[in-house]
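*Asks:* Next come the chains, spelled out residue by residue.
4 protein chains.
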Amino acid sequence: MSVRIGLIGAGRMGMTFAHHLVNSVAEAELAAIADAHGKTAANAAAQFGVESTYSDYRSLLEQKDIQAVVIATPTNTHPEVIRASAVAGKHIFCEKPLALSLPECDAAIAAVNSAGVKLQLGFMRRFDAGYAGAKKKIEQGVIGKPVMFKSTGRDPKRTSLEFARRENSGGLIADMAAHDFDLARWLMGSEVAQVSSEGGCLVYPELSQAGDIDNAVINLKFANGAIGNVDVSRNAVYGYDIRTEVLGSEGSLIISKIRQTPILVLTRAGVTHDTVPYFMERFAEAYAAEIRDFVACIREDREPAVTGQDGRCAAAIGIAATRSLDEGRPVKVSEVEQ
Amino acid sequence: MSVRIGLIGAGRMGMTFAHHLVNSVAEAELAAIADAHGKTAANAAAQFGVESTYSDYRSLLEQKDIQAVVIATPTNTHPEVIRASAVAGKHIFCEKPLALSLPECDAAIAAVNSAGVKLQLGFMRRFDAGYAGAKKKIEQGVIGKPVMFKSTGRDPKRTSLEFARRENSGGLIADMAAHDFDLARWLMGSEVAQVSSEGGCLVYPELSQAGDIDNAVINLKFANGAIGNVDVSRNAVYGYDIRTEVLGSEGSLIISKIRQTPILVLTRAGVTHDTVPYFMERFAEAYAAEIRDFVACIREDREPAVTGQDGRCAAAIGIAATRSLDEGRPVKVSEVEQ
Amino acid sequence: MSVRIGLIGAGRMGMTFAHHLVNSVAEAELAAIADAHGKTAANAAAQFGVESTYSDYRSLLEQKDIQAVVIATPTNTHPEVIRASAVAGKHIFCEKPLALSLPECDAAIAAVNSAGVKLQLGFMRRFDAGYAGAKKKIEQGVIGKPVMFKSTGRDPKRTSLEFARRENSGGLIADMAAHDFDLARWLMGSEVAQVSSEGGCLVYPELSQAGDIDNAVINLKFANGAIGNVDVSRNAVYGYDIRTEVLGSEGSLIISKIRQTPILVLTRAGVTHDTVPYFMERFAEAYAAEIRDFVACIREDREPAVTGQDGRCAAAIGIAATRSLDEGRPVKVSEVEQ
Amino acid sequence: MSVRIGLIGAGRMGMTFAHHLVNSVAEAELAAIADAHGKTAANAAAQFGVESTYSDYRSLLEQKDIQAVVIATPTNTHPEVIRASAVAGKHIFCEKPLALSLPECDAAIAAVNSAGVKLQLGFMRRFDAGYAGAKKKIEQGVIGKPVMFKSTGRDPKRTSLEFARRENSGGLIADMAAHDFDLARWLMGSEVAQVSSEGGCLVYPELSQAGDIDNAVINLKFANGAIGNVDVSRNAVYGYDIRTEVLGSEGSLIISKIRQTPILVLTRAGVTHDTVPYFMERFAEAYAAEIRDFVACIREDREPAVTGQDGRCAAAIGIAATRSLDEGRPVKVSEVEQ
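The listed protein sequences derive, respectively, from chains W, G, P and U.
Quick note: the first sequence uses the numbering used here, first residue 1, plus one each step.
Quick note: the second sequence uses the numbering used here, first residue 1, plus one each step.
Quick note: the third sequence uses the numbering used here, first residue 1, plus one each step.
Quick note: the fourth sequence uses the numbering used here, first residue 1, plus one each step.
A couple of the hints might just be wrong.
Below 20 Å or equal to it, Euclidean Cα-Cα: the simulated PhoX-like pairs (lysine-lysine) are [to be verified]:
id	chain 1	residue 1	chain 2	residue 2
1	G	K145	P	K157
2	U	K145	W	K145
3	P	K135	P	K145
4	P	K157	G	K157
5	U	K135	U	K145
6	G	K157	G	K145
7	W	K145	W	K135
8	U	K145	W	K157
Treat the hints as calculated values from the structure; they're not laboratory data.
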């Protein structure tokens, strides 16, 4: 039997999830859509042939035949929506990040645990064929012992100034590098113990008025002694550029896909190919796969591959790395726990 | 309103189309499945939640609420099924090739024209982002005047001996190079006027007992003077390898995608990446796109992008190239018309 | 002790050889330069610090302390210069092609054999790390049994109209594809038995006035049943583009280097790299290596790796492929022997 | 007239320079070789046909007809050899690093200035076609304003334990990242103001006994606000891996060459190519070019492109980055000046 799912938040990410729920997951049914802007919910519902729409997500939660929710609301509402969903007994898929503060993360996780529902975080890269394949190869010992983690995350343009404010996005590092921090823990098989950041507002001066930066590099020190570096940028004007490398004692793995279509153009200007425009294109299949796996977890009653705790760990690293930037010193992740 | 579609033939290709009809084309509904093996039809129907199944496709054609059919039966049945579908007033999507002989092509086209239904041939490469992008760049003049066409089509393994027989597949050249011949006409903007083949049974001796070969090269001469070459092989044991190049007076375009996942493995053995396993992976999106466009043609009452005449032209080139192999001489495509 | 070498012909290729003799071959000494244009010889001598210069190569051959000559004169003079050099007892390195006709090839080889001197032909690709490595891998069985040979040879611009005339260059196919024909025999380990060409003057109409074409494709049939195709073009305006592939029963080898410098440029225009401009850049190390090996053959009294017979075989294939173009039919290489 | 050059130090790097002086620089003559091991000097002299050899470099400096020296002795002897060479009035090419401490750097530079001779440091990457081309593109504005510098430097194996000791090599960061620090200043057009390192002895435990590490990441903060990261490793067992990227406001440049020969191997194991084995292969042409330019500076009486000051700046960054590793905090480069 299909899992009936309610979507909460029908913005850009919400619509991505709606698309995959309808088209890529045979065992799921998109049963209702809630969005604070009722008209947004209605439009989405019309597009995907969904009957129930709400402007208040709490009404959606009252719909008894809904077993699970996909939360794609603004980050600062995640804790509240997660808590309410858990209380309503719905299984929860929540877009990353879990929350902007650790107490909020803890409260959300506690609510989920207390209700006995499942919670999966939206670190979709783990479901990408490249990253999943790399994880498998590491486990097979192809590169020996992993000793260095490198990751690059670049957007082709800056965010809105509204979103850039720390109270909304957590700032560049917490927002963009969250995926890289999650990959770091997962691929290296060790927790990030300490971070050290440099950054600046170098391309979009208006971002500094919103208190944000546009470029950063973050050194990582893992609990097992391994090291790493993450760089993030908002000015990869050439495309959406996500690359990760894990260097081990016996080799290295590079996961990188910057080319979109399989055309090479050879002219007097040289040899040229295009680029992946944005995350929807780069991770289209990963978004489908993570939702599919969430639905399978419900049907098979198993724990999601990406948990609330994973969300909390990535958040903690982001908070520590942001503090490192602010204070100009290495920050232990354990410091931000206190 | 959705276009209700009946699938005729639920083998490997039929299942591919069923998958895309159900998952990738919002405006279509897979309403019935017919397969000469009733159990195959029933299994497919169960998998995709289809109610009506038939072991005789003619029964499917009697179902009034079906507007269109997707034909994925063995090639030698195409003419008959097309004719019957046309007579029944159904729009037709037919997997390539149209037919193995030109009289059969002509009869099928005539039946379609007489019934006033639409016929689209399954040359899915035209819907691939690589090939479609190349066509656009040629039209934009990026490479000037196209003067040479090169195309490589390689399967990772041989076909069954049964399929290899000329009466079933048309033989290696007609079967495998059909896509390349279609691309040749389409990308070069000129008809293929003459072909000259060399080939042999070089890797799988058992194929020669079925009267087939496993490797061939075919020179092309276009009506406008341009030239080309197509090579096909059944022994690309490393993967599914499809590459095309159009060299023009001002540059060249290469369409090639041999890599499957975005992982590079760097070890003492060198730098390695994987390969695309087979056509379902390489052209997954193209199959979805061609079916989507077929449905759109019906809804918008426009002519399909790949017509019965396109199917006939590719067949004629294949027949001429096979004759060239048999007779050891260049063969004009006009010769096989007579 | 150094091998003292005389250079005959100080044009573009002659200067390339002079450079490598002076800079890359410790065991050789460039002792004299002859060029029909005395001033050209003098300039070259000044540039490379060579004492003796001649406008008549026969005077150079009289210089007793010269053990070997490098011949880089126009092709139609090769037979005469080879014969005279052999009679003078000099070992001979001759730039490809050996000669434009088979009787001339035979006469040159006979003179060399009769004099007991060494003759090496300038098929430098065999000394390229890419091609030499591929040969080794084929011998190691990495790709199983070779069954298909593919080769692309493209110049970034047309030759002079004077050179284009068949009496000077042999025409496009004999001139450009000579290297590919040599590779075909060498890499496939089988003689080319039959060829079938298509070609045209498609980009530079003025070439047709010189009796030449600018693009051609040539199908190959090997004595052992293997097949192949060579394409050549004068209009690769994007750079110098040489690619070869050998497909075997267990894999494939691709030798291709189109990129010159290790810079990728990522901008809104996409991802771009430069191209190899011309043969001097692509094969700089191969030219040095072949001359080095020629000198080593003299010092170690061993047979050169590329012989007069190799030159004759490549010439025969070129003549047959040109006849195929002229007569519009497959031509057996044995036909042109008569 | 040729510049007569004496080589001081005939170990691995010395032999590289000897090779290029003899084979790649027409305007130079290798006139003498000194090595503390007289036999090493004699062997090198025999190989390159050099007459004078010395076991004491001071004797070489007394040879009046020598205009310049190439210093390739152990780093800890650089200051003394530079000073003596300067006093003897010889122009100086010195392999990097200039010295291990800043006072030594200052003394060497002062001696050079006082003697009025030229001093060029061996940062050969600036002469590589990739890096030189990137510098030019940055100056042309191709990527707008540079905002992030990334560089990876990896050796395929560890150094000797003797060399690894800080008093000999300066430790991993100072030794390996020196090239990257020089590139950082040069390509970004701004001084490195602050560094922050993480590192560890993760693959070769024996290195820790020599007081060294095998992997490190170093964040950079430039004087103009730009940021960067350098990673270095001794365990790239797959080959010699040098990559650099400069991200700007309008695009990015990546300089990377990991592939050695132009062969792709396609088998059931995937698609594989080889790797550059070590620095001699990767930078062969750059070594030739830097020596050629040094000779040209002498002949044309112009200032070398890479000066003693450049050597001092790279050393200062290395010292600061090593202190950052030791003290677990960001270190301003200005701190190590005091």
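*Asks:* Quick one: which hint numbers does this structure break? Sort them smallest to largest.
*Replies:* 2, 4, 6
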